[in-house]
Structure formats: C-alpha cells, structure tokens
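There are 2 protein chains.
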Amino acid sequence: MLVPCRMSGAAALLPLALLAQAALSSAYVTSPSSLSGIRTNFASSVSKSRRAYPLSWARALRATATKPDQKSEGLGFDSHKAVDKAPDTLCRDGTANTAMRAKFEKMLREAQDYICKSVENVDGGAKFQTDAWTREGGGGGISRVLTGGKVWEKAGCNLSVVYGSMPSEALQAANDRLKFGATDRAKGYAPGERVPFFACGLSSVMHPKNPHCPTMHFNYRYFETEGGVWWFGGGTDITPAYLNVDDMKYFHGTYKEVCDKHDPEFYPKFKKWADEYFFIKHRGETRGLGGIFFDDLNDRDPEKIFEFAKECAMNVPKAYLPIVEAHKNDPFTQKEKEWQLMRRGRYVEFNLVYDRGTIFGLKTGGRIESILMSLPETARWEYDHRPEPGSKEAEVLEVFRNPRDWV
Amino acid sequence: MLVPCRMSGAAALLPLALLAQAALSSAYVTSPSSLSGIRTNFASSVSKSRRAYPLSWARALRATATKPDQKSEGLGFDSHKAVDKAPDTLCRDGTANTAMRAKFEKMLREAQDYICKSVENVDGGAKFQTDAWTREGGGGGISRVLTGGKVWEKAGCNLSVVYGSMPSEALQAANDRLKFGATDRAKGYAPGERVPFFACGLSSVMHPKNPHCPTMHFNYRYFETEGGVWWFGGGTDITPAYLNVDDMKYFHGTYKEVCDKHDPEFYPKFKKWADEYFFIKHRGETRGLGGIFFDDLNDRDPEKIFEFAKECAMNVPKAYLPIVEAHKNDPFTQKEKEWQLMRRGRYVEFNLVYDRGTIFGLKTGGRIESILMSLPETARWEYDHRPEPGSKEAEVLEVFRNPRDWV
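Here the protein sequences come in this chain order: A and B. Each residue of the first sequence is one higher than the one before, counting from 1462 in the numbering used here. Each residue of the second sequence is one higher than the one before, counting from 1462 in the numbering used here.
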C-alpha cells in the first residue's frame, strides 16, 4: 500500500529540512539495501578528491539526481514508499565511506529510541507513533510523532537518510557559516553544477503544554558530497516562555560539560553560534534561550566528531527532561498560557521567515507536513503586546533581547 | 510625548507593507504640512521625465532618502511622531502632482471612516482605536485597530502616506507583475540607484471569531516616483474557512459589477491575478477564495483609475459585511473552530513566506507590529491533518486547490 511518508520534519536547521525533501511523492520501491558490502575506506574518502569515490556511487548518484522532470532547485530525490518496518540500515551498500554513514545512522536510531522512550516516560500519557519509509535509490526515514500527550502538545523526532543532489550555490549558502569558519562544500564543482550528496540526521522539536515547561529542539547530522567533502552539524537549544535561571544554568551546564570533554573551545563557540542563529532579526529577539549550534565541523578525526555528536544526542534527555519533570504540574494562569502562545508565535516567525532549512524546503517542494512539523499546535499574535514593566514576561523578554552567559 | 506609532500594518501586499516602513523610530517632528500651495500640474508630472518635477521635491526627497546611517536596503524614511489628531492632509505642500496625492489621501480617509463605522455597526461591541502620527519630512498615518469585538477577534484598517526611497531593483522586483503587464517603475534610474517615491494607501485585514464568517483583506494605493512614473494598485479578497457558494457569488459578483462599470476586462484579469498572487505554493492551495488584485495600473487617465479605486474601496462594506451579518450568529462546533484556526495557520504561512510586502518589511526594519498586524490572533497547526472525504472541510479544501469561477 502506498501511504504518504512521515519523515524528517521538525527540521529547524538547513540540513535537516533538506532531509525532509526526501519525501516528495509516492512511488514503488525496490528491496531495501542491506549492510553487506560495506567498505571501510573512510580515510581515502575524506581526501576531498572526487576521484577518491568509486564510480559506482558517483554513477548511482548522478542517475538519481538529475532526472529531467525535477525542478532545477530541487534536491533530486527518488520517490519514497512507506514500509511496515525500517530495514536495519537505510544506507546503500557497496559504496564508499559507508562505515561512518552506517555508524552514524545506527547511533541516531539508538538515540531516537532512547529519547522517545524517555519522553514517553515523563509524559505518562501518549505514545510516539512511528512511520517508516524507504526510497528507491537508497535512503529513507523513521518518523516518530507524539500528539495530545499529558505533558506535550506536540513532539516529533525524525530520522532521515538521504541520497540527493543540490545546486552548488544552494549547498554553500549560509551567511553565518562564514563567520564561524565554513567548509567549501561544493569543492570540485562549478557554479550551477549539481553536487550529489549523502546526509543522515535526527531532528526533533517538542512543545509542552504547560507554559512553565520549555520547548526544546535538537538536530544532529552527517553530510558527505560526491566531491569528497564531509562534515558534521547539529545542536540542542531550549525555548522557555518564562525565565528560570537555575533551569538555564542546568541546561547550558549539561551541554558545556559534554562540550568540554571534547574541546574546551566548543561550548563558548557553539553557544554564541546558537545565539546568533536563533535570532529573530525583525523582533530584535532570540527565539529562545539558546544552547549549542555547530555546522561544517570537519577539523579533526571524524571518529572524534562522531563521539562528540553521539554524546550531544544522548544527553538530550538528561539536559531537557528534568526541567520538564520539575514544572509539568506547575499551576498557571490564562495570561501565562497566552504569553506562551505569543512566544510560540515567535517560534513560527523564526521558522517561516529565517530558518534556512524551512524556507529551502518550502520553496523546493519538500514534504510539507515534515518540514512544518516543527510548528507548534497553537500560536498567538496580539497587536503591539508589551509586557508590563517588572512582570515575569518583561523579565524573560529582556533576556531574549540580550543573550546572557549561563555557565 | 513620544509614543510608538500605530500605522499602516495589515499590509499583506508589497506597497502597503512598504508604507509600514514609515514607522522606524521615534523622533521630533516639525509642524505638519498644510494643503496650501498645492499645484495641479498632474498632466506634466505624468510625462515620465524626471525633469518634469520641480527641483524642490527632488531635493527634499534626496535629502530625506539617503541618510548615511540607514541600511542600504531600507526605505530611507524619516522618523515619526505620534500626534493627537492627524492634520487635514499628510501630503507635503508645494510639490508637483499634489492634486492626485491629496485627492487620493482624502478619498482613503473617507473610505477608512466609512468602513470602520460600518464594521463597528455590525460588531455591536468593540470600537476601533485610532492612532495618528506624522513624519518630519512629510507623510504620516492613521491607524485604526479593533480587538476583542463581539464579531471580530482582530480588525485593522490603516492609512499611510510615505515619502521614501528604494533601490531600483527592489522597486521593480515582483515576478507576477511581469505576467500581467508591468510598469518600468525605476525608469530614469540606474541599477543600484535609489528611487525616491511617494506612496499613499489604505490597508486592512479583518479576522472574525465565528468560523462561518470569512476573513477579509483589502488594500488600495497610489504610487509616484521622482522619475515621473505613477501607478495605482490594490484589491479586495476573502478568506472563508467553509465554502458557501452563494456568499462567494455575492462577493465576487459585487466586485465584478464594480469592475464592469469601468472596464469589462478588469474583473477577469484581476480575479485571475488574485488567484495567482494569494497562492501558497508549498501547500498547492490558495490562501482563500480570491477576489480582485491589480498593480501597475496606469494605462489610462489617472482620474478614471482614481474613480475605479474609489469605488473598489467604498464597496468593501457592501461586498463583505452582509456575509458576516448572515453568519455571525451561526452555531459552530469545536472541530469547526479548530479548522478555522488551521486555515489561519495557512494565512500566517502565506504572509510570512510569500507576501512580498511582509518579507520586505521584516527584512528592512519596518515597524513590526504594523507589518504583522495582518496575522490572526490565534492560529493552529496539526501534524498531517487531512479532512475526511466528503466533509465540509474537504469540500472547501478542494476549492482552495482548484480556484473556481464564481460569476
């Protein structure tokens, strides 16, 4: 049976919304790939020469990536098909560099299971619904969505594996990357040429009901181009409606601890990057109270970055859930609920106006429900709303306007 | 006392959101201009030669338009100041072409009064709050906002008069204009050069509470550049959550009648233009059920177009209010309310993702509350919501996907 896929959604960051592109239209699928034939030539594949890749992969990518009926700005994905159960891996076999791809996918699937179970335990009501799908030329996804929980209004956690291609300019575009040391992602390709790539990521947004429980977003991903460029990206950030300094110290402190184990420069750099990325320019406010954000990370042994990304993902429950647990039964007023909904309006503004992945996804024909799964169930706009001076709302707004150091 | 202005807001179309730019920051203001010294040399000023304009205007525009501290993509407006009562005209005196400007402003102010009074009568509860402001170099606005009415959740109707300047490319940019016969708005200016302009418009969005009462938007405006190019633009369109064929025949029929009196080609052309403009590409749906939309209208005697625009604006109450009156007490279910809120989510998506004026306004530092006044008070996103086949929701969705001819 052909049913629409549920996939990467919750994509608040470029690469993950790109993953969401994977779900374009329904079609038939060949038998899923298996892990047999994995080669472990990671070292040669990171030599950044297109020739370092076996022709088989290059040919397969080109074959799936440049169908004439696809829009030029599209991602050149194959069509997809829902499956009852995802195969053990969604990566193609017999291609270069499969070791890191399969290893990253496996880690993300474990993280997805662990995070969703942890969230269900705290919710104590609804369960995540799972949808899996595969794609003809390789790749696919496992989408998990919880709605109408006791604690969460809407929570999604989506895994995607994508083989696609992008115009080289689109792959490069991301102004703030340059500030933080960008990779030449389109290396080996001329302007206008399409760059075949592999991507695997886990993306999530969770919107709780209680206005004293923050929304949380995370996203961890691994990319490779056929040109031999690879990088890791990701981050976890928190969006409360009210300020609780201890909670923020705890959340940021947890990620600082994770970062420091890998590189003392990570936390300050990635904390700043999150503050700059999640900024709603037209409001002069950050979307929330930050966290960490990184992209183009490829300056050291990929195994080391893998371990860092793994620890970041696996620490989502530790960093987030105790805060929700502590506040899920806090009493709240109608006014507090409305303030939360106005802050969700800001979330919508950020995601629809600035978020690179969302915009790109919407304009290039991705699967809408996946891309927009990051939007809250409800949002509110009051004309010219100004919190009363000295109020709790004014207090947190001040911090959205002037990001603070927490640890 | 300096208070933040309330102005053009509700700007769902480029030129009106440009007007919203007028409100950038607070400052002091000189005494308002008066109508003395109006010249009536419209004929010469439409000769489309920059030289046809008295140097006084050109000099004044350049002086206010190119302050070095303004961002290059900005509109080059002066700062503004709230006033207790708007002066009789917000147009500057002693400049060319003032006759049409002052006449158009006067007509819009009458339309604003008439429309707001008519809406208050139907609401029977809340009244519009009025805020007026002027601007140092000329121009200003009168903003009227009704919130928490018996019938309307949020309704705004904003007049703006703007003297500003824009990069020539920005003035030209609007893909769909080309399809419908665009004007060379930047005539006489090189790429990259700023084009000083005058604009006057009335913009409105009204969101009723009852899901059986449609949202309505309209916007009528007059533009001139210092290069001597002038044009009219505008339109009225309707966004119901449920299909009522008779209501749509009535709404479209009213505007067809208005159009036909002026040119039998207007209604079919402007109806199609509305269907194309108010299209949410990523959803494959129109925002609502259309109406009329036109821009760059300057192919005949400006007095004739003035009369057309006037009749369009003055017919807003006749075209819209009987529909609201008929349904304002309709019973509705929670499910119907939620569907309305989901359609408002689509309204938000259109305005934040596609609306040229909104995007431009947000990215160039306009007054946010004015630009985003068009957003509904409440909106909703349900993951992968699909109306049941045969339901009322499925019925109207089908029409959003396949625009229909109503008359």
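Where hints are given, some of them may not hold.
Heads up, the list lumps identical chains together, so a pair's fine if it works in one copy or across two of them.
Capping the alpha-carbon separation at 30 Å, the derived lysine-lysine pairs in DSS-like fashion look like this [as the list claims (entries may be wrong)]: (1) Lys1771 x Lys1796; (2) Lys1546 x Lys1648; (3) Lys1588 x Lys1798; (4) Lys1779 x Lys1730; (5) Lys1742 x Lys1542; (6) Lys1546 x Lys1796; (7) Lys1722 x Lys1733; (8) Lys1611 x Lys1798; (9) Lys1611 x Lys1730; (10) Lys1542 x Lys1779; (11) Lys1853 x Lys1765; (12) Lys1717 x Lys1648; (13) Lys1798 x Lys1578.
In case anyone wonders, no lab produced these hints; they're calculated from the structure.
Against the structure, the hints come out as follows:
Proximity of Lys1771 and Lys1796 under a CA criterion of 30 Å is satisfied in neither setting, with 39 Å inside one chain copy and 42 Å between copies. In this assembly of identical chains, the alpha carbons of Lys1546 and Lys1648 never lie at most 30 Å apart, being 37 Å within a copy and 61 Å across copies at closest. In this homomeric assembly, Lys1588 and Lys1798 come within 30 Å of each other (Cα to Cα) both inside a single copy, at 24 Å, and across copies, at 26 Å. In this assembly of identical chains, Lys1779 and Lys1730 lie within 30 Å of each other by CA distance solely inside one copy; the values are 22 Å within and 59 Å between copies.
Proximity of Lys1742 and Lys1542 under a CA criterion of 30 Å is satisfied inter-copy only: 24 Å between copies versus 39 Å inside one chain copy. Neither within a single protomer nor between protomers do Lys1546 and Lys1796 lie at most 30 Å apart by alpha-carbon distance, with minima of 44 Å and 33 Å respectively. Taking the closest pair of Cα atoms, Lys1722 and Lys1733 come within 30 Å of each other only inside a single copy of the chain (18 Å); across copies the shortest separation is 61 Å, beyond that limit. For the homomeric pair Lys1611 and Lys1798, the shortest alpha-carbon distances inside one copy (16 Å) and between copies (22 Å) are both at most 30 Å.
With identical chains, the CA atoms of Lys1611 and Lys1730 are never at most 30 Å apart, being 36 Å at best within one copy and 52 Å at best between copies. In this homomeric assembly, Lys1542 and Lys1779 never come within 30 Å of each other (Cα to Cα): the closest approach is 35 Å inside a single copy and 51 Å across copies. Proximity of Lys1853 and Lys1765 under a CA criterion of 30 Å is satisfied in neither setting, with 42 Å inside one chain copy and 56 Å between copies. Taking the shortest Cα distances, Lys1717 and Lys1648 never come within 30 Å of each other, neither inside one copy (33 Å) nor across copies (56 Å).
Only within a single protomer do Lys1798 and Lys1578 lie at most 30 Å apart by alpha-carbon distance; the minimum there is 27 Å, versus 33 Å between protomers.
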